Amino acid sequence: MIETLLWLVGYQLAGELISKTFSLPLPGPVLGMLLLFITLCLRKSVPDTMKTHVPRFLSHLSLLFIPAGGAVLAYKDLLAGYGWQLLTVLALATVLTLLVPGAALKLLLSRRRAHHHEEQT
Amino acid sequence: MNAEAALAVIRTSPLSGVFVTLLAYKLAVLFNRRCHGHPLSNPVLIGVLLLLAWLLLTGTSYHDYMKGGQFIQMLLGPATVALAVPLYSNLSRLKRAAGPLAISIGLGGLCGIASAVGLAMLFGLPHEVVMSFTTRAVTTPIAMSVSQGVGGIPELSAMFVILSGIFGAVIVKPLFSLMGLADDMVLGVATGVSAHGIGTARVFQLSETAGAFSGLAMGLNGLLTAVLVPLLAPLLH
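In the order they appear, the protein sequences are chains U and F.
Residues 1 to 121 (this note's numbering) are what the first sequence spells out, left to right.
Residues 1 to 237 (this note's numbering) are what the second sequence spells out, left to right.
Calculated directly from the structure, the hints in this document are not laboratory data.
Only a predicted model underlies this, so the values are computations on that prediction, with no experimental measurement involved.
Worth double-checking, as some hints may not be accurate.
Facing chain U, according to a computed beta carbon distance under 7 angstroms, are these residues of chain F, among others [what the hints assert, rightly or not]: (1) CYS35; (2) ARG136; (3) LEU206; (4) SER207.
Using 27 angstroms as the maximum straight-line C-alpha spacing, the simulated DSSO-like pairs for lysine-lysine come out as follows [what the hints assert, rightly or not]: (5) F/LYS26 x U/LYS20; (6) F/LYS95 x U/LYS76; (7) F/LYS95 x U/LYS44; (8) U/LYS20 x F/LYS95; (9) F/LYS67 x U/LYS76; (10) U/LYS51 x F/LYS67; (11) F/LYS67 x F/LYS95.
Ideal Cβ placement from N, Cα and C applies to all residues, glycine included.
With the rest of the complex left out, here is chain F (with noise of 0.2 angstroms):
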């Protein structure tokens, strides 16, 4: 018996890092159907929880587990061209709404940077952190490379979209039922814009005209922020 060799496996072999991905996700789509939806048993708050926990427990580091958890990652490229077709199903929706939602999704846009950049300096953070702030609401890939730009760190930028994303789709239906927003298109262009993939798969689990919609709204607000921040970052030196 090669104790030592068996650790090495568990810790360094893709096939690992597919394997406990792929159970951290059923597992928290079990829990989250034994919860009723509930949405404090958000699928990716309790999947990334598990895999947290395994990580820890076996000793197993980010970039050894990455080897197996980079295939996973990886779809999510094809998952979002796949946006489209739920959008296209809502074309009509789309076109008799194109001016309202162009005008909300900007302002959500500005809004998005905004919030986070004024609250960031408000507790006066340092100014590499607050430039890290200025992509919180769009997807990763655009939040690493737009901040790298301006002068924030891209790895910080990654955990806020992240956190925020999974805050976000944890607080969306609570905060819109309280308010009064239940409609799925209001829904679904609110959490795109400021919850991105993670929001938007969240509200596909609600209707598939939320996320239709979700996805729609994380795409223009991706391409408003990456075009935004380096036109306004040189005011914030």
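Here chain U stands alone, though its shape is the one from the complex (with noise of 0.2 angstroms):
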């Protein structure tokens, strides 16, 4: 456990200094992820510790994000003020940010699958 949360922190630390030191419009722990990713590809395996830690750790991922959900509360008049306009804009834009590129992956793999299919037939 305190392996793995030495990888985890010392990765975020590095994308924090990076992203700072650069003036990167990347946050660090984004920035750390990237890191990681680029580390382990390199390393060509995931450490013992991560193995058994990463999966748990990250199965709890929705904790994480109720005390953000809090600041609501502390908003509430800022979007009551504008109105039901908000809700509705926020709730169209994400149905279409979901399906845009969820429709543009689905069609640019199954053409490329009927391709292969085509070249091997």
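Since each chain sits alone in its own frame, please combine them into the complex, following the hints.
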């Protein structure tokens, strides 16, 4: 567990350092994820400690978003001030942005599969 | 007996904030199992509702609650880094589909900005609200800093991100079953692009592959949005 935390916090810290030093638009944790991914690719394996602990940690990802949700209370006047239009925009934009990349990926994957199939036959 | 002091502990002790968050999550998970994982019993949604009920009942301000809540929120950083591990487990699928993944995440990222901005303008919302919508589809820290840079309201952007993340997490499975888009990779990518971390937490419940691709799409869309929004923002004046 401690070793897993050393890996994760270490990479986050490295991400924060790089992000701040070079004023990058990416926050430390996202940069840390990319750095860890590159490391794993170079290393060609996942350290045992992370193999055991990371899936367990990630299975509780939902817990970590609950405090941020509480902020609705602090900003409820701001939200209420602009009314129902906000919620409509949010809902429609979310659905559209789910469907566009989903349909695009499905189309591209099935096209390529058909292409491969043609080559084989 | 000192009831005032007891109430003060409940409202302002960091321990109380940590405890109530863990309890809200535990109850939400139990409820989710009770409902056999029904999308509306999403643990983030139920957990947040329980937390809000507690804050209102005890008269605790969000500021006081966060003295404890911040410790749990702080773990989001290492959890984001940890997403590299399931992504690496899916390396061969990632390599095979690299082109289609890049194109669909790129399209999705553009759609994430354009759909929110376009609809907000259509409804005639004020300029600073429109700008706060530019970052609707990305993870909170990116959303707040980018929104601030282009004349949005960072707190409003954070709210948009959280509310749409919860909505996306609830709707994605029924929507994609309806549209015949059931593939794990497709589900994961779309969720990551549109509903960032909260959606990622949701699809991890469905499959590790979906979760891994959701994490990847969230990160890349964050990068794309952080680069594009400041470039496109002058066009909206």
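Hey, does the F/CYS35 contact hint survive, CB to chain U under 7 angstroms?
Result: violated, 15 angstroms to nearest chain U Cβ.
With a cut-off of 7 angstroms, does the beta carbon of F/SER207 approach a beta carbon of chain U closely enough for the hint to hold?
12 angstroms, violated
Between F/LYS95 and U/LYS44, does the CA-CA distance stay at or below 27 angstroms?
14 angstroms, holds
Given the hint that F/LYS67 pairs with U/LYS76, does the C-alpha gap stay at or below 27 angstroms?
Measuring from Cα to Cα gives roughly 20 angstroms; hence the hint holds.
Any CB of chain U closer than 7 angstroms to the CB of F/LEU206?
Check failed: Cβ of F/LEU206 comes no nearer than 12 angstroms to chain U, outside 7 angstroms.
Can the restraint linking U/LYS51 and F/LYS67 be considered satisfied, given a maximum Cα separation of 27 angstroms?
32 angstroms, violated
Checking one constraint from the list: CA of F/LYS67 to CA of F/LYS95, max 27 angstroms. Satisfied?
Outside the cut-off at roughly 43 angstroms; violated.
Are the Cα atoms of F/LYS95 and U/LYS76 separated by 27 angstroms or less?
Violated. F/LYS95 to U/LYS76 sits at ~44 angstroms, over the 27 angstroms cutoff.
Given hint U/LYS20 paired with F/LYS26 - CA-CA distance at most 27 angstroms:
36 angstroms, violated
Holds or violated: the hint that F/ARG136 contacts chain U, with Cβ atoms closer than 7 angstroms.
With a closest approach of 6 angstroms, the F/ARG136 hint holds.
If you draw a straight line from the CA of U/LYS20 to the CA of F/LYS95, is it 27 angstroms or shorter?
30 angstroms, violated
Violated hints for the displayed structure, listed by number in ascending order: 1, 3, 4, 5, 6, 8, 10 and 11.
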